[in-house]
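Generate the whole structure from the sequences, applying the supplied hints.
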Amino acid sequence: MSDPVQLHKRQVSMEEAFFLEQERKILDRRRAQRKLEETRQDLAAASGIRNEAILEKLLALNVRPETLASLALAPLIEVAWCDGEVTAEERKAVLEASRKQAGAGAAPHELSQDLLAQWLTHRPDPNLFAAWEQYVQGLCELLTPEDRRALRQEILAHANLVARASGGILGLATISAAESACLARIEAAFA
1 MSDPVQLHKR QVSMEEAFFL EQERKILDRR RAQRKLEETR QDLAAASGIR NEAILEKLLA
61 LNVRPETLAS LALAPLIEVA WCDGEVTAEE RKAVLEASRK QAGAGAAPHE LSQDLLAQWL
121 THRPDPNLFA AWEQYVQGLC ELLTPEDRRA LRQEILAHAN LVARASGGIL GLATISAAES
181 ACLARIEAAF A
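Residue numbers (my numbering): 1 to 191.
No lab work stands behind these hints, which were simulated from the structure alone. Don't take each hint at face value.
To be verified - The list that follows gives simulated cross-link-like pairs (lysine-lysine, BS3-like), each with its CA atoms no further than 30 Å apart:
| no. | residue 1 | residue 2 |
| --- | --- | --- |
| 1 | K57 | K9 |
| 2 | K57 | K25 |
| 3 | K25 | K35 |
| 4 | K9 | K25 |
| 5 | K35 | K57 |
See below:
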């Protein structure tokens with residue numbers, strides 16, 4: 001064969017490889033978009049949130065349907081860590097709140113329990129609490145004012161138990177300034 005024929009074959013082969021690679025990239029992007037849309041729909045179904053902007057924020061914060069139950073414990077985790085460490089008493093208070101959330105006789109989801117154990121051992125990224133705030137914002141859009149108040153009271157009651165768990169010095173100042181600020185932030189999320 002002559003050089004021009006070999007050159008042409010090589011050129012055609014390279015063009016085919018280039019277009020196959022481009023097609024693969026397009027297909028990968030489409031698969032990723034489909035997966036994201038499925039996750040968005042699953043998250044909407046699990047949370048009841050329909051506000052697309054809030055769903056987008058939750059997805060950007062990597063909240064998935066299977067981790068949604070754990071997200072409800074984020075304010076308690078935030079309170080437990082706000083003084084820089086989680087005491088044994090705070091840990092116990094968070095675990096008790098987790099059991100109550102799961103309901104009497106219900107077994108907590110294994111993934112939720114694994115995440116909770118990790119969060120009590122290693123301080124989670126601040127985005128966890130930001131994700132919870134987004135979740136509450138979307139949830140509050142669905143609730144009546146009465147239901148919103150009830151949810152706020154329940155979460156604040158659990159958060160206060162965690163804040164008071166370690167106690168203070170001689171029974172004074174049982175809630176630190178950092179814990180008070182965190183409790184105020186939790187309450188503000190419901191506004």
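How the hints compare with the structure:
no.: 1; hint: K57 <-> K9; result: violated, 50 Å
no.: 2; hint: K57 <-> K25; result: holds, 26 Å
no.: 3; hint: K25 <-> K35; result: holds, 15 Å
no.: 4; hint: K9 <-> K25; result: holds, 24 Å
no.: 5; hint: K35 <-> K57; result: holds, 16 Å
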